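Please build the complete structure, drawing on both the sequences and the hints.
Residue 241 is where the sequence shown starts when you use this note's numbering, and the numbers rise one by one after that.
Hint data in this document are derived by calculation from the structure and do not stem from the laboratory.
Some hints here could point you the wrong way.
[To be verified] Keeping only pairs whose Cα atoms sit at most 20 Å apart, straight-line, the calculated SDA-like set for lysine to any residue is:
no., residue 1, residue 2
1, K340, G314
2, K344, I355
3, K340, E330
4, K344, Y247
5, K344, W289
Predicted model only: the values in this text are computed from it and were never measured.
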Amino acid sequence: MTHATAYQPGVCNIGPAEIRRRRVSGWLGLGVALVFLVLAFAFGWAAPWRLLVALPVFLSAQGFLQAAFHFCVGFASRGLYNFGALGSVESVQDAEFRRKDQRKALQITGLALGIAVVAALAAFAVPVG
Numbered sequence: 241m242t243h244a245t246a247y248q249p250g251v252c253n254i255g256p257a258e259i260r261r262r263r264v265s266g267w268l269g270l271g272v273a274l275v276f277l278v279l280a281f282a283f284g285w286a287a288p289w290r291l292l293v294a295l296p297v298f299l300s301a302q303g304f305l306q307a308a309f310h311f312c313v314g315f316a317s318r319g320l321y322n323f324g325a326l327g328s329v330e331s332v333q334d335a336e337f338r339r340k341d342q343r344k345a346l347q348i349t350g351l352a353l354g355i356a357v358v359a360a361l362a363a364f365a366v367p368v369g
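Have a look at this one:
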């Protein structure tokens with residue numbers, strides 16, 4: 241994907257620095273999920289406990305999806321965007337633009353939740369023994 245250089249309501253609300261931050265959080269969440277699964281299967285944790293992998297998978301999916309879409313869910317919920325240095329946010333003034341951003345944030349969160357549920361059910365279904 242190419243990087244947008246300006247805010248686009250419901251499409252893009254973060255620039256390169258923020259995108260890198262989201263990608264890093266995706267990798268961190270994935271790392272935690274993998275360590276969790278290795279421990280769960282190495283120590284034979286009961287299937288219901290393995291469902292907890294959904295939490296780091298959700299965080300990972302949120303990070304990667306936000307990076308891919310160039311869109312921060314947290315910024316959308318607070319009516320913000322950032323195309324500059326980390327921490328230099330600006331406000332979205334237009335109410336319709338905020339609604340578009342919130343719809344996109346819900347879409348990304350729904351996708352991340354779906355990924356987390358699938359991963360958790362897969363971890364639950366794998367027999368240990």
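Here's how the hints hold up against the structure:
1. K340 / G314: 14 Å, holds
2. K344 / I355: 17 Å, holds
3. K340 / E330: 16 Å, holds
4. K344 / Y247: 13 Å, holds
5. K344 / W289: It is violated: about 32 Å lies between the C-alpha atoms, which goes past 20 Å.
Checked against the numbered hints listed earlier, the structure breaks hint 5 alone; every other hint is satisfied.
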